Every structure is written in C-alpha cells, then in structure tokens.
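Engineer: Sequence:
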Amino acid sequence: MNIMNNTVKNTFHNLPEQKRDMIVQAAVKEFASKGYQKASVNAIARELGIAKGSLYQYFANKEALFLHVFETFTTLVRESVKKRVSSAGGRDFFILTRKVLMAGIDFIDRHPEYFQLYLRVLFELDVPRREELVAKVRLFSGEYFGPICEQAQKGGQIRKDIQPQMVIFILDAMMDRFLQAYAEPYLDGGLGLSVKSGRELADAVDSVMQVLQDGLSV
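Numbering (the numbering used here), first residue to last: 530 to 747.
These are calculated hints, taken from the structure and not from any lab test. Only a predicted model underlies this, so the values are computations on that prediction, with no experimental measurement involved. There could be a bad hint or two in this list.
[Stated by the list, open to error] Below, simulated EDC-like cross-link-like pairs (lysine to aspartate or glutamate); rule was C-alpha separation at most 16 Å, straight line:
#1 K563 <-> D655
#2 K611 <-> D550
#3 K567 <-> D635
#4 K548 <-> E576
#5 K558 <-> E600
#6 K563 <-> E546
#7 K665 <-> D635
#8 K563 <-> D705
#9 K538 <-> E576
#10 K725 <-> E600
#11 K628 <-> E576
#12 K611 <-> E576
[Unchecked claim] Simulated DEER-style distance windows between Cβ atoms:
#13 R658 <-> D621: 36 to 42 Å
#14 G718 <-> S615: 28 to 34 Å
#15 D655 <-> S615: 37 to 43 Å
#16 R706 <-> G675: 29 to 35 Å
#17 L720 <-> L605: 21 to 27 Å
#18 I691 <-> E546: 21 to 27 Å
#19 R658 <-> D743: 15 to 21 Å
#20 M703 <-> E729: 17 to 23 Å
#21 E592 <-> L668: 17 to 23 Å
#22 A664 <-> G727: 31 to 37 Å
#23 R658 <-> M738: 33 to 39 Å
Glycine included, C-beta positions come from ideal geometry on N, C-alpha and C.
Can you make the complete structure from the sequences, with help from the hints?
Structural biologist: Here it is in structure tokens:
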C-alpha cells in the first residue's frame with residue numbers, strides 16, 4: 530500500500546542520512562506531542578534551526594511530511610519484529626507470538642514518540658488518510674501472521690476449526706491492546722503494566738500467552 534503518493538521530493542532523498550534523520554525526529558516529536566492538526570511546520574523548522582521554506586523544498590506540504598514520518602514508523606516496526614523473531618529458533622507458533630509482543634514492548638521503550646504518533650492516528654479522526662494508515666499497520670499483521678498461522682494449523686499446533694483470519698484478528702487485537710496499555714497507563718484497566726519490573730512485565734506477557742495457548746491449542 531503506497532501512502533506517499535510522490536509527495537516526498539528528491540531533494541530530501543538526496544540529503545545526507547544524518548540530516549534526513551534530524552528532520553524526521555523533529556517532525557515525529559511535534560506530531561506525537563500535538564497531533565496532526567495542531568502540529569506546526571514553523572515549530573519543526575525552529576527545532577531544526579532552518580527556515581520554514583526549507584522544509585517545503587523537501588516535502589510538498591505538511592501532510593506529505595506527516596505521511597513520511599508515519600512511513601518511517603511502519604518501517605521501524607517491521608525491522609524491530611524481524612530482528613526480535615530471528616533469534617526465536619524454530620517455528621513454534623506461541624514462541625514466535627510471544628517474541629512479537631516483546632518486540633512491541635521493546636519498540637515502545639526505544640521509540641516512545643513513534644508509538645505516540647501511532648496512537649494519534651488510531652484515536653484522532655482528523656488525521657489525513659487515517660483509514661489508509663491504520664489499514665497499513667493491520668496489513669502487516671496479516672502478512673506476518675498469515676503464513677505462521679497456516680503452518681501452525683497444518684502442523685497440528687493450533688486448532689483447525691478457527692479460520693486463520695480470525696486467529697490473526699485475535700492476535701492483532703490482543704497485542705495492540707496490550708501495547709496501548711503499556712504505553713498509556715490510563716488504558717491499562719488497573720494492570721499497572723508501565724510500572725512493572727522487567728520480570729513482572731514478562732510474567733504479564735506469559736499470562737496473556739497462556740490464555741491464547743489455552744484457547745488456540747489443539
């Protein structure tokens with residue numbers, strides 16, 4: 530799914546990587562803290578110490594900059610998941626699922642502003658092309674978990690009477706809700722996930738995984 534629509538100019542791609550990263554970091558900070566509508570291109574330019582017009586040399590408009598930042602978020606998520614699960618060993622369905630959830634927790638710890646940006650898109654209705662952006666994140670869940678679910682069903686590890694699409698939906702809903710609760714205490718229903726120690730958080734993950742295993746295992 531292409532959400533960029535050629536709104537990022539070649540002048541941006543031609544910049545040194547360090548300067549591109551600085552622009553994206555300044556932008557994600559502004560969008561994450563204020564949301565799309567209240568975010569200011571002027572504020573981003575001030576943060577970078579450049580003229581507002583300079584940003585328009587790189588992006589067609591504010592929306593283009595926002596979409597590029599969100600595209601960066603989705604790329605980082607994919608890389609984080611792939612890095613985490615590559616050390617899982619084997620293809621055990623529940624081990625891989627746990628690894629993905631732990632990768633999400635690690636992502637929030639390392640990139641809290643990117644996850645805040647995602648929550649803005651999820652909960653604020655005035656974000657441009659919001660449905661496309663949310664669908665892009667959901668599509669990744671399907672692309673990643675689809676083959677794993679099918680293999681686990683064929684191998685007799687999870688029930689065959691549940692459609693793979695439903696298994697993916699359950700996994701996606703559980704993980705998204707857990708990570709929201711970890712990132713925002715007001716969403717955790719009193720679980721206190723954000724203040725748990727590393728061991729306590731791992732125990733909470735194991736509890737969720739046990740419920741999944743009890744429901745999905747053959």
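Engineer: All hints, please: hold or fail.
Structural biologist: Hint-by-hint comparison with the structure:
A distance of roughly 12 Å separates the Cα atoms of K563 and D655; the hinted pair therefore holds under the 16 Å criterion. A threshold of 16 Å between alpha carbons decides the hint, and for K611 with D550 the separation of about 21 Å lies outside it, so the pair is violated. With a CA separation close to 29 Å, the supplied pair K567 and D635 exceeds the 16 Å bound. The hinted pair formed by K548 and E576 meets the criterion: a straight-line CA distance of about 13 Å does not exceed 16 Å.
Of the supplied pair hints, the one linking K558 and E600 holds, its CA atoms being roughly 15 Å apart against a limit of 16 Å. In summary, the hint linking K563 to E546 is not supported, as the alpha carbons are separated by about 26 Å, beyond the 16 Å threshold. Restraint check: the Cα-Cα separation between K665 and D635 comes to about 21 Å, which exceeds 16 Å; the hinted pair is violated. This hinted pair does not check out: K563 and D705 have alpha carbons roughly 22 Å apart, beyond 16 Å.
Between K538 and E576, the direct Cα distance comes to roughly 21 Å. Violation of the 16 Å bound is thereby established for this hinted pair. Note on K725 and E600: the hinted pairing is violated, with a Cα-Cα distance of about 31 Å set against a maximum of 16 Å. A C-alpha spacing of about 36 Å is found between K628 and E576, which places the hinted pair above 16 Å, so the restraint is violated. For the suggested pair K611 and E576, the alpha carbons sit about 32 Å apart, so the restraint of at most 16 Å is broken.
Between R658 and D621 the Cβ separation comes to about 37 Å, which falls inside the hinted range of 36 to 42 Å. The hint said 28 to 34 Å for the Cβ distance between G718 and S615, and at roughly 33 Å that hint holds. The beta-carbon spacing between D655 and S615, approximately 38 Å, falls within the hinted interval of 37 to 43 Å. Distance hint for R706 and G675: a CB-CB separation of about 20 Å, inconsistent with the stated range 29 to 35 Å.
At roughly 26 Å, the beta carbons of L720 and L605 sit within the given window of 21 to 27 Å. Checking the proposed 21 to 27 Å range against I691 and E546 shows it is violated: the Cβ atoms sit about 45 Å from each other. Evaluation of the 15 to 21 Å hint for R658 and D743 yields a failure: the beta carbon distance comes to about 39 Å. Range check, M703 to E729: about 19 Å between beta-carbon atoms, so the 17 to 23 Å window is met.
The hint said 17 to 23 Å for the Cβ distance between E592 and L668, and at roughly 21 Å that hint holds. The supplied range of 31 to 37 Å is met by A664 and G727, whose beta-carbon atoms lie about 34 Å from each other. Between R658 and M738 the Cβ separation comes to about 34 Å, which falls inside the hinted range of 33 to 39 Å.
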